[in-house]
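Use the sequences and the hints to build the structure in full.
Residue numbers (the UniProt record's numbering), protein chains in the order written: chain A, 1 to 327; chain B, 1 to 259; chain C, 1 to 357.
Do not rely on the hints blindly, as some may be mistaken.
Derived lysine-lysine pairs resembling DSSO-like cross-links, with alpha carbons at most 27 Å apart [to be verified]:
no.: 1; chain 1: A; residue 1: LYS206; chain 2: B; residue 2: LYS119
no.: 2; chain 1: A; residue 1: LYS117; chain 2: C; residue 2: LYS234
no.: 3; chain 1: B; residue 1: LYS119; chain 2: B; residue 2: LYS140
no.: 4; chain 1: A; residue 1: LYS206; chain 2: C; residue 2: LYS175
no.: 5; chain 1: C; residue 1: LYS175; chain 2: C; residue 2: LYS234
no.: 6; chain 1: C; residue 1: LYS81; chain 2: B; residue 2: LYS119
no.: 7; chain 1: C; residue 1: LYS81; chain 2: A; residue 2: LYS117
no.: 8; chain 1: B; residue 1: LYS140; chain 2: B; residue 2: LYS128
no.: 9; chain 1: B; residue 1: LYS128; chain 2: B; residue 2: LYS196
no.: 10; chain 1: B; residue 1: LYS145; chain 2: B; residue 2: LYS128
no.: 11; chain 1: B; residue 1: LYS196; chain 2: B; residue 2: LYS140
Pairwise CB distance ranges, derived in the manner of DEER restraints [stated by the list, open to error]:
no.: 12; chain 1: B; residue 1: GLY227; chain 2: A; residue 2: PRO101; range: 44 to 54 Å
no.: 13; chain 1: C; residue 1: ILE108; chain 2: A; residue 2: ARG25; range: 47 to 57 Å
no.: 14; chain 1: A; residue 1: ARG116; chain 2: B; residue 2: GLY227; range: 16 to 26 Å
no.: 15; chain 1: A; residue 1: ILE97; chain 2: C; residue 2: PRO156; range: 48 to 58 Å
Keep in mind the hints are simulated off the structure, nothing from the lab.
Note that this is a predicted model, so its numbers are computed, not measured.
Backbone N, C-alpha and C fix where the C-beta goes; we use that ideal spot for every residue, glycine too.
Residue-level listing of the chains:
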Amino acid sequence: MDIVNSPGEHPPNSRQPAVTRLGDRVFLGMSRGSGILLLVIMAAIAVFLTVRAIHAISLDHSDFFTTFEWNANLQPPSFGIAVLAYGTVVSSLIAMIIAVPVSVGIALFISHYAPRKLATPLAYLVDLLAAVPSIVYGLWGGLYLVPHLQGLNLWLNEYLSWTGIFHKSDPSSAARSLFTVGILLAIMIVPIITNVSREVFRQVPKAHEEAALALGATRWEVVRMSVLPFARSGIISASMLGLGRALGETMAVATVLSASPVLSARLLDPVGGTFAQNIAAKFAEADNFGRDALIASGLVLFVITLLVNGAARLIIARRKEYSGANA
Amino acid sequence: MAKRIDVSGLSAYYGNHRAIEDISMTVEPRSVTAFIGPSGCGKSTFLRTLNRMHEVTPGGRVEGKVMLDDENLYGAGVDPVAVRRTVGMVFQRPNPFPTMSIYDNVAAGLRLNGSARRKSEIDGIVEKSLKGANLWNEVKDRLNKPGAGLSGGQQQRLCIARAIAVEPQVLLMDEPCSALDPISTLAIEDLIGELKEQFTIVIVTHNMQQAARVSDRTAFFNLAGVGQPGKLIEIDETQRIFSNPSVQATEDYISGRFG
Amino acid sequence: MSHAMTQDAPPAAPLNSLLSHRRMPRWAPAGIAVAAIALGSGIGAVAGLASKLQWCLIALVLFVALTYLITARVEGRRQAKDRVATSLVWACFVVAVVPLYSLLQTTISKGVKVLDGNFLGHSMGGVITTQPGGGVYHAIIGTLEQVALASLIAVPVGLLTAIYLVEYGRGKLAKVVTFFVDVMTGVPSIVAGLFILAFWIIILGFGYSGFAGALALSILMMPVVVRSTEEMLKLVPNELREASLALGVPKWRTIVKVVLPTSIGGILTGVMLAVARIAGETAPVLLLVFGNQLINNDPFNGAQSSLPYYVYEQYTNGNDASFDRAWAAALVLIAFVMILNLVARGIARWKAPKTGR
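If you want it as structure tokens, here you go:
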């Protein structure tokens, strides 16, 4: 969003009374104060989490970053985030690999392929689905998706176990694995990514599409030449929005994953954990120190989501030169 | 590589609204034909029926025949995609692909073909097309810069280069100068004069001086009233239209009595 | 093999090859789909594959491959690519609709089982979790109070921040605020929960309460309100502001009397959507409100429940009676969120013409 065109930029003379009148001063003070309050909250999140986290990590008897187990209640405490970081990244990656292409496909379907009578209600439906709370996805995932994915698990294990990642140690165990979590997260973020992408596709200037059409492009070539390049940064930020949701998702993971402190490349095995899931699972039994330890893991999650956000911003900024804004 | 266009009994619709009604005319090869008329008279709509771009608009459909030499554009089994490759188009506002470089913009149509062309061959066609559009000297040192970075007039010539790179039979221009300054307009008009050596050119313009300057034949369109379909009033040698038109309405329009 | 290539040939070339080429009949995609499904099922049945999913996968692969091969033969490579893209886009649609439909269908069909007046009007007090009975009354009360408190905090702050950014926002501070609003949008709900835990409960020493949950929810709500309000304020034409200022109306009264009323529909829509979003948040409630089987009407004292928390709690009980309650509560939650969404849409439509768009 650039604010260069913000309608707030009045000629200087209209700004004059804003500083003199009492009403204006109070109003400006309040609105500026709110903005500052937001900054203070962000700073406070970082500071308070860091303070508690340092306290916890300094008393951790094992290495915080490489330890698998989470035993903050032991004397001396011993806990680490290796399994959680791995699980968070892997499940989100699986979700992204599935969700991004499918979402772009659906968004294209709505904006360029579907008959109009189907497109409008469909767009509406996707809108509503994006608002379904994650706990509902979690409930459905835990009670419906897990048993229904067993077949796919067996199939993958039978034909693709040579890849290693699709080898299932105990084929009869329930599909409460990082793989299932990834699929559920994908289903959850598809409406979010679709929504934003569709909005971007809708904004592709008609002129660019007609330029391609007039050169004799087929519908797919129009999409490839005009729509996708124009929408690329929009798709990236939509995906990052989805990734942010997937990384921080608590309930949909907590209801599906059968967690254990094992770091395994075998995606179908019901082991592993994620940051958010671990916090939800360990919170009830945590004492004062245990809560600090969980806050430390939350801080890592916070930093990861910040990095993802920053990366998205960088990608978008780098593509500015080729943006369609000035066409 | 220029063809005659023969239109007979053509009507175009937006949903149930008839935008143009029962138009018949002949466009001669290797000449410039200008369409003039008041706003909303359907001249742009008509132009877009000549390469089947009209049906891209939701609800757009066409009745009648458009013969390109002896093939009907609206005949059974005709592929609109192939039609648009044969009949190129330049739009009112320059619309280079914003994410592509100057070079890629010109090569875009060639690459659509998918068939393996050698890089040197594409290089040659890009250079030839940019020269054909009088743009080569201005951009030859920055072919890899984005096309959107050029000035408006340069962008429009880039779009013309892009259109002629695929060697169409006919070139349609929809008010190509209306978004440009006078100097750029002059450059485009000169270019049109050169291009007619090779292509059949049809140009829609709001500017009657421009029609008089660049065209060999001029067609005047008009509509009976708001909501009525547009019609072709007459088409003749440009000189005759501007000096001694056979229909009173044409003379009124040209002499500025309405429109 | 595209026929458009023939334009390189002399003009005397047969014209029929220029514009038309062999095209497949309109029913071709459907025909190929039927053939692929039949073939896929056939292969599946003969090979004795148990899972229907495998049949579908085979059929899908066959469909894409057949589409490409047949089109490439009849219409040429470019058309083949076009048709494959079309079939893939349709496939995406089908692949995505199946789970989403299943989610809604399962929740509704299982949710209506125990959903009745009794369920809505009672708490879990005195109910043995493995037995049927009990309800969500206490959770609904909790959700309503927590969401209302969160909105009470987040809406004014969000609104004023948006006004600052759009109406006064120049210079560094506005840029920094804009940036951090974006960052804040990405804060996971559990992190917001942990922050309030650290700040409000551990350091300031307050107990678990609905209000603590509301604080975390308000952090999640603020950036959403700022973003949507900002968009709406930007839509107000500058001429309106100038007209008012030119009449000698002070700037703050211009904002309150002219700018805000013009965009109030859009702002309300954004607020409703933000409310819908936080009403479904579970993680902060889990950390800060603690959960309660009984009715607690006081959000400032003692543990409460909330709808999403209730769903999770019943799910973790792990027996059929609890699962039934979980589905019913999930249905109530979805209905609540959907109603908020529909109301938001209604407001947007009702106010739309007045925003001058």
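Hint numbers not upheld by this structure, sorted from lowest to highest
1, 2, 4 and 15
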